[in-house]
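In the order they appear, the protein sequences are chains A and B.
Numbering of the first sequence is given in the UniProt record's numbering, commencing with residue 1 and proceeding in unit increments.
Numbering of the second sequence is given in the UniProt record's numbering, commencing with residue 1 and proceeding in unit increments.
Per label pair, the in silico range of CB-to-CB distance:
id, chain 1, residue 1, chain 2, residue 2, range
1, A, L67, B, L64, 56 to 66 Å
2, B, N187, A, Y233, 29 to 39 Å
3, A, G178, B, R257, 23 to 33 Å
List of simulated lysine to aspartate or glutamate pairs, DMTMM-like, C-alpha gap at most 20 Å:
id, chain 1, residue 1, chain 2, residue 2
4, A, K72, A, D59
5, A, K8, B, D129
6, A, K8, B, D137
Read the hints as simulated data drawn from the structure, not as lab findings.
Source: prediction; values computed, not measured.
Heads up, the beta-carbon is just placed ideally off N, CA and C, and yes, glycines get one too.
This is what each chain is made of:
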Amino acid sequence: MIRFFIGKILWLIPTLIGITIVAFGFVRVLPGDPVLLMAGEHGLTPERHAELAAALGFDRPIWQQYLEFVWKVLHGDLGNSLVTHRPVLHEFFTLFPATLELGICAMFLAIVIGVPVGVLAAIRRGSWFDQISMGAALVGYSMPIFWWGLLLIILFSGVLHWTPVSGRISLMYYFPNGTNFMIWDAIASGQKGALTSALSHLVLPAIVLATIPLAVIARQTRSAMLEVLGEDYVRTARAKGMPPRRVIGVHALRNAMIPVITTIGLQVGMLMAGAILTETIFSWPGIGKWMVDSISRRDYPSVQGGLLLIAVIVMLVNLIVDLLYGLINPRIRHR
Amino acid sequence: MTEQTQSSIPVGTRRAQLAEFWFYFKENRGAVIALVVFTLILLSAIFAQFLSPHAPDMQYRDALLAPPLTDTAHGHFWLGTDAVGRDILARLLFGARYSLFVGFFVVVLALSAGVILGLVAGWFGGWIDTVIMRVMDVILAFPSLLLALVFVAVLGPGLINAMIAIAIVYQPHFARLTRAAVLSEKNRDYVMAAQVAGARNTRLMFRTVLPNCLAPLIVQGTLSFSNAILDVAALGFLGMGAQPPTPEWGTMLSEAREFILRAWWVVTFPGLAILITVLAINLMGDGLRDALDPKLKRS
Chain A
1 MIRFFIGKIL WLIPTLIGIT IVAFGFVRVL PGDPVLLMAG EHGLTPERHA ELAAALGFDR
61 PIWQQYLEFV WKVLHGDLGN SLVTHRPVLH EFFTLFPATL ELGICAMFLA IVIGVPVGVL
121 AAIRRGSWFD QISMGAALVG YSMPIFWWGL LLIILFSGVL HWTPVSGRIS LMYYFPNGTN
181 FMIWDAIASG QKGALTSALS HLVLPAIVLA TIPLAVIARQ TRSAMLEVLG EDYVRTARAK
241 GMPPRRVIGV HALRNAMIPV ITTIGLQVGM LMAGAILTET IFSWPGIGKW MVDSISRRDY
301 PSVQGGLLLI AVIVMLVNLI VDLLYGLINP RIRHR
Chain B
1 MTEQTQSSIP VGTRRAQLAE FWFYFKENRG AVIALVVFTL ILLSAIFAQF LSPHAPDMQY
61 RDALLAPPLT DTAHGHFWLG TDAVGRDILA RLLFGARYSL FVGFFVVVLA LSAGVILGLV
121 AGWFGGWIDT VIMRVMDVIL AFPSLLLALV FVAVLGPGLI NAMIAIAIVY QPHFARLTRA
181 AVLSEKNRDY VMAAQVAGAR NTRLMFRTVL PNCLAPLIVQ GTLSFSNAIL DVAALGFLGM
241 GAQPPTPEWG TMLSEAREFI LRAWWVVTFP GLAILITVLA INLMGDGLRD ALDPKLKRS
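When you get a sec, could you build the whole thing from the sequences and use the hints?
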């Protein structure tokens with residue numbers, strides 16, 4: 001078991017090195033002078049250019065630059081944003097709670113709806129519920145979510161006036177010492193209406209971001225469930241007179257969940273890609289929107305830092321899922 | 001000897017294989033309907049200039065944001081006009097060309113690169129395998145859309161660059177699939193026989209092993225086809241894909257964003273076009289999977 005864990009962690013090191021190479025190399029292959037790109041200054045004199053090149057390390061051999069980059073990264077130094085002039089790491093972790101909050105809510109929606117729908121569709125295979133829900137899942141899976149978000153805005157904000165169009169909370173509320181997890185801050189502040197406001201801002205982006213994972217989870221749960229329901233141990237459990245609810249809940253669902261958990265883990269990377277679009281549509285001040293803005297503002301230190309941190313986070317989440325998988329799957333646990 | 005067997009086998013078996021494929025494929029009603037829809041989209045893309053009532057970039061200055069089914073002096077606008085008075089139906093018809101071409105191009109590029117890398121990795125093994133697959137792992141560690149965005153930032157915005165970026169991001173999937181298939185095939189007797197008969201590595205890889213790894217690649221290919229259409233539209237929507245005035249569906253949506261609360265049609269139809277196309281391809285993909293891989297089916 002411990003060997004399994006250590007093996008999984010060691011296996012990540014080459015990938016981690018690769019990620020730093022991509023983040024490091026990205027700035028070097030950009031068209032244009034990297035010194036100008038990373039310093040973000042215009043009209044440089046040759047002296048200032050040389051000074052900046054030395055300060056940023058561009059005058060040294062490339063492998064030294066890379067090692068220094070890694071050294072700095074390990075010490076939490078990702079450079080400063082060209083726009084705000086604040087450390088990229090600080091910027092990232094100020095905005096990250098917004099994305100995390102949105103992502104957790106979306107994943108919660110996707111699992112809470114997706115798993116039961118998949119299970120029910122599998123149990124009632126061929127019924128109208130199965131056909132409609134799986135049809136809907138296929139539509140959800142094929143959905144251009146940026147369009148889906150716009151449609152929801154038209155309906156719920158434009159026509160029905162139920163939800164606000166953008167942002168995280170009404171401007172009436174402000175939490176100076178907040179954690180930047182808006183729901184938590186709203187509850188903790190105890191201000192009347194704050195929680196409602198935060199939730200009404202959150203609901204549409206969460207639905208949009210949940211759409212594709214929901215569809216994938218529902219489809220995966222159904223097929224995993226169908227496979228398990230055909231197994232001998234399920235037949236045995238049925239044959240010995242166990243109530244159907246127990247057969248499904250104890251024998252089938254537990255085993256069907258193993259591939260589903262892998263699927264859920266794989267959705268985390270997808271979620272990040274979805275967050276880029278969702279946050280852009282709803283002006284949600286998180287990492288996805290920040291990355292798009294940084295790319296279009298040519299704020300390359302931010303893009304570099306963001307790219308690195310996002311890849312590392314996605315990788316860590318996948319590691320956790322892998323380890324969880326080891327914990328719940330007896331075949332691995334008892335090896 | 002191999003020449004003889006090869007010339008005698010294909011004619012009969014290939015037709016039989018196709019017949020068997022069609023037998024399973026047509027059992028899936030959704031897939032057949034999707035095939036019809038997809039063919040219609042393909043035809044309307046090919047014959048866009050004959051079908052389209054207006055030119056896609058013609059601006060009718062006196063018919064800005066005309067709602068659907070509007071009759072004007074310039075003719076009928078079935079799906080209305082956009083903010084600068086261009087016919088939306090015409091732009092959608094011409095836009096189908098971009099989306100289908102993009103999907104096709106991305107799949108061909110990602111498939112060929114991925115298959116070659118996967119074949120080499122699986123066939124030779126050892127350090128070559130390790131290096132190739134580690135690089136693939138690194139590419140897969142980044143969220144695909146994010147990596148594509150960064151590649152476009154490097155290459156510069158535009159449709160061709162967006163396609164190249166997405167192909168780079170997709171090819172590890174093909175490489176992994178090919179490698180896995182090669183690993184399971186390469187110790188089979190028929191490969192050994194070809195090797196003993198004196199076939200060289202390239203021939204063994206491409207003519208002996210590869211044809212037996214095709215089924216999962218075809219399924220992944222359809223999946224990538226629809227995903228590529230979505231991702232290119234997403235890049236267009238973020239302003240990093242096709243640039244205006246190209247009638248690409250995602251770019252159209254991006255231009256329409258500011259009018260969403262005033263003119264629902266400029267937003268609704270391009271997205272619907274994307275959804276229908278992607279849905280049709282995914283449904284066909286389901287049918288293909290059932291037909292090509294009878295082990296996976298009936299789920």
